[in-house]
Structure formats: C-alpha cells, structure tokens
Amino acid sequence: MTAPSPSPVDIASVSKWYGNVVAVNDITMSLGAGVTGLLGPNGAGKTTVLHMMAGFLAPSRGTVTINGQPAWRNPSVYSQLGIVSERESVHGFLTGWEFVLASAKLHKLPNPTAAAKAVLELVEMTDAKDRRMDTYSKGMRQRTRVAAALVHDPTVLLLDEPFNGMDPYQRMHMMDLLHGMGSKGRTVLFSSHILEEVEQVSGTVQVIVAGRLAASGDYRTIRRLMTTRPHVFTIQSSDNRSLAVALMGEGSVAGVEIDKADVLTVRASDYGTFTRTLPKVALARHIRVQRLVPADESLESVFSYLVGA
Amino acid sequence: MNMTIAQITARALFGRRRSLWLLPAPLLLIGLAVLSQSLGAAPRDWVPAVVVNLGLNVVLPVIALIVGTGVLGSEIDDGTLAHVLAKPLSRGQIVLSKLVVAFVVTAVTVCVPLFVVGLVAHSSSLAWGLVVGGLIGSAAYCSLFVALSLLTRRPVLVGLAYVLLWENLLSNFLSGTRVLSIQQYTLEVADRVSGSDLISGNVSLAVALSMSFVFIAGATVLAIDRLRSFSVVGETS
Chain R
35 MTAPSPSPVD IASVSKWYGN VVAVNDITMS LGAGVTGLLG PNGAGKTTVL
85 HMMAGFLAPS RGTVTINGQP AWRNPSVYSQ LGIVSERESV HGFLTGWEFV
135 LASAKLHKLP NPTAAAKAVL ELVEMTDAKD RRMDTYSKGM RQRTRVAAAL
185 VHDPTVLLLD EPFNGMDPYQ RMHMMDLLHG MGSKGRTVLF SSHILEEVEQ
235 VSGTVQVIVA GRLAASGDYR TIRRLMTTRP HVFTIQSSDN RSLAVALMGE
285 GSVAGVEIDK ADVLTVRASD YGTFTRTLPK VALARHIRVQ RLVPADESLE
335 SVFSYLVGA
Chain D
4 MNMTIAQITA RALFGRRRSL WLLPAPLLLI GLAVLSQSLG AAPRDWVPAV
54 VVNLGLNVVL PVIALIVGTG VLGSEIDDGT LAHVLAKPLS RGQIVLSKLV
104 VAFVVTAVTV CVPLFVVGLV AHSSSLAWGL VVGGLIGSAA YCSLFVALSL
154 LTRRPVLVGL AYVLLWENLL SNFLSGTRVL SIQQYTLEVA DRVSGSDLIS
204 GNVSLAVALS MSFVFIAGAT VLAIDRLRSF SVVGETS
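As they're listed, the protein sequences go chains R and D. Take 35 as the starting number for the first sequence in this note's numbering and just add one per residue. Take 4 as the starting number for the second sequence in this note's numbering and just add one per residue.
For the record, the hints were derived by calculation from the structure and aren't laboratory data. Please note that a few of the clues may not be correct.
No more than 20 Å apart at the CA atoms, straight line, and that leaves these computed lysine to any residue pairs for SDA-like [what the hints assert, rightly or not]:
(1) R:K142 / D:M4
(2) R:K142 / D:R229
(3) R:K163 / D:M4
Have a look at the derived ranges for each label pair, beta carbon to beta carbon [claimed, not checked]:
(4) D:R14 / R:D187: 52 to 62 Å
(5) R:D187 / D:L177: 51 to 61 Å
(6) R:R121 / D:L163: 45 to 55 Å
Every residue, glycine too, gets a C-beta built ideally from N, C-alpha and C.
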C-alpha cells in the first residue's frame, strides 16, 4: 500500500503570536488543486498566514508544509512555489525584462530567456518590458511581479491582494489567468478584501476572522450549513399573496414579506425542508412558481454572517 | 557566489545616492598626501596622520560601513530582499554574493588611494603594505557590517559605535580592546608587509591574522544563519 500523497499546501494546528498578541490562532487547513480565496477583515491574519505558507515567517506552533516539505528554513520549496507578496517593492532600476529574466536565472531554469519571454507574454507586458520598473503604473508592476512568480511554472501560487492597482481589464485578465492555472491542476491561493473578486475567481474560500479559521469550503455550502440564520429567498409566482398566506402555515418558514413591487421574500428556517415544501404548497393551490432565487447566498452575506457571528 | 545576485546588488549599490559618499574620502586622502609632500613635509611627519589616523582609522571603516550595510541592509529596509529569498537558493550563496560585492567595492575604493598615498611617500613597500592591510581590513569590516544588517535594525548606528567608540576611543585607554579591533589587525598587517617604520602595529601578527579570520568566518556564518531564519515583514491584513 502506498502512502497518500501530501496536499500541495498543508497547515496543521498553526498559531503565531508576537509577545502577548495572538495573530493566528490554531488554524488547520489543507489546499488542493484549484483556486481558493483567502478572506478576512483587515487585521484578521491573512498576510501572516500567507507569509507562513511562503516560508517567510516561522509558526510559533504547528507545521506548514508545501508538497510535504516544511516551508520554514527550507529554500528548496521555492522550486515549486511562486509568491506575489502585497508589499510591491521592486528594484526600480531594472526593466521588466531584466527583473523577470533575473527571476528565471535565480530559479536556474534551463532556458531562462524563453521562460521569461513566455510569462511576459502571458501577463501582456511584452510591449513595456524594456522600460525601467520605476516608470510602471501600479498595475504594470503587479503584472510583472506575477510574471516573475510564474516564470518557473510553480505548482503552488500564493498571491496577497493580487488585484491591487489593476484596472478592470487587467483585473479580468488576471482572473482568467488564475482560473487557467487552477483548471490545469495548480494550487492557487489569493487573499483579497474585495468580495466580488473572490466570488468571480473562486467558489472555494478560507475565511479568517480574528486570527481563527471561521469557515472553509464552497461558500454556498457554508451558507447552507448556517442553520441558525434563516435563508432568504425571493419568489416570483402567478399569485404572490396567496402563496405568502399558504407558506406562513408551514413550519419551515420563519417569515414572509411582500414589497411594493409585489416581490415575495421568504425567510426559511430550514433550507432543505422549505425547498421540498414550496412545490407541494404551490401545486396544491394551483400557483405557478416562476422564479425562486436564494437572496443571501452571495459571498458578501456569508462573509458578513461569519464576521458578525 | 551567484552572478545574478552580485550584478543586481552592484547596480543597486551604485544606483543609490549614498554611494556618492564613496568618492570624497579617497580623494581627500590622496589630496592631503600630495599637499603634504608638495609642501616639503617629511613622510615621517604626515604619514601617521594621513595614512593611519585618516586612511585606516576613518576612511576604511566608514566606506566599509556604507557599502557593507548597503548591500543587504537597504534591501531589507525597502523589502526587495523578498524577491531573492523566494528563490531556491542556499542562504550561504546569497550572503556570499553580497559579501563579495561589498568586499570588491570597498577594497577598490580604499586600497587604490592607499596605494597612491604610499607611492607619494616614495615608498612602494609602504604602498603594498597598505594594500594588503586594506584588503584584510575590507574583508573583516564588510563581513562584520553585512552580519550587522541581519542582527540589528540599526546596522549603521551600531557599526559607527563600534568604529568610533570601541576602536577609536576605548582602545586608547584599554589596551585589551585592541584584540577585538579590526583597525589594529589592518595596521599590524600593513606594518609587517611594508616593513616601513612610518607605521607601527600594536598587536602581534598572529593575533591580527587569526582574529581577522575569526571576524570574517564568524560574521559570515552568523549572517548565513540569520538569513535562514529571516522573517519577512508584511503589512498586517
């Protein structure tokens, strides 16, 4: 029997404290292939977690491994790991080409010139590659840094706020790039404080609140597991008022509301029971349900529930 | 030794305004020597003041301090070191590449004017003695100051305290402190190699050589170990 292969990124019971201040408290997470968003309010500990994964910071307790190897005091992990940190300092006197080529050479790639050329094309920085980096816009610098992090085709890519400073087109392009990497079986973890970004790039999230892992997995699934919070649905039917009256008699419904635009909003206390009950109730009263939309399954509502909990 | 790191380090060093401080001191050294000689002063009257008090005791350590803390300390301060740290390179390779750049720049900046000053004093043996002493001193000071970049957040301040307080002040009162003074090793080696009576060392050659080795090797090993455990500071989020 062969031993199971290790996860690309494994964090086991990791804590990090500075004196009396606990920055990260007993976090365990395992990342597989695909794109994962790392979410959390400011000061929650996202960068600390990313830095520990990147081998930039020693955990006070617990272990962090990349492809089964410890991340701390182990430079060999960087042959499989790409990092784009939030601090965007670069050697401004280097051109984009020199910066990415230097990265390829430091990775000791067999053909650094070809590798540098390919990634600069990938991030659409070929035209500006011969300009000094201190003349770049924030977005251009960010894309060049991403190119440098990708030059050795890493299996694990960690990005701290990668969309910072990018215009909408660059943002979309970067999202496609991350999607592409995820679908090719790479492990991509990116932190962001902009929920729409996370929602567009990834369904899988790791939510950190006050140094603790508050939730992990697909955010829609996380929402459904929050049984203490009523699930909100908006319904459009052939007779909203009759349907509202009928639903009020059901145990799985906590409340109904009809607004001025005649939109029916239902707060269900049990997701599963309600979704099974609704068709039966509508059928019994000859009401046609035209539309049923979960109204609070957005990442934003999941996040606000988690943070507010 | 990694050539890519060395090239980037050298370009970063000369791209900073701080590197302009490398120019005036060597020029001052040569200028004072030429002036003294042209005014007809005997080498015995000006060599100890210009070569020892200014050249070896001030110019050499200050230039080594500017360069030694510049090759690593500046990259730590501005965060660019993270790019190099995120590569599959041994930390020894990184430290040695930076150290070699610091040593070459310091040695060239200091040894060339010292050699010229020796020739101005009409003593080629003194010139070569100063070069050899300068090389030993450059290596020891650079090793120390590169290590200080990783040991403290204020490497320039600590380095200055070592040079001014320990080497230039305390060693005048407490002769024992000379055993831990790179300045004294440099002087002793220059004295022995030149065989000139214009300069004289205060420690034995064995102490000078062995302690120089201890400084160079010890500081380098310490720097490598500190870089292995170096924590990259990020914005908290």
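Do the hints match the structure? See the list:
Taken as a hint, the K142 (chain R) and M4 (chain D) pair is honoured in the structure, with Cα atoms around 14 Å apart against an allowance of 20 Å. This hinted pair does not check out: K142 (chain R) and R229 (chain D) have alpha carbons roughly 24 Å apart, beyond 20 Å. Between K163 (chain R) and M4 (chain D), the direct Cα distance comes to roughly 28 Å. Violation of the 20 Å bound is thereby established for this hinted pair. R14 (chain D) and D187 (chain R) have their C-beta atoms about 27 Å apart, which leaves the hinted 52 to 62 Å range violated.
A beta carbon spacing of about 60 Å between D187 (chain R) and L177 (chain D) agrees with the range 51 to 61 Å that was offered as a hint. Checking the proposed 45 to 55 Å range against R121 (chain R) and L163 (chain D) shows it is violated: the Cβ atoms sit about 28 Å from each other.
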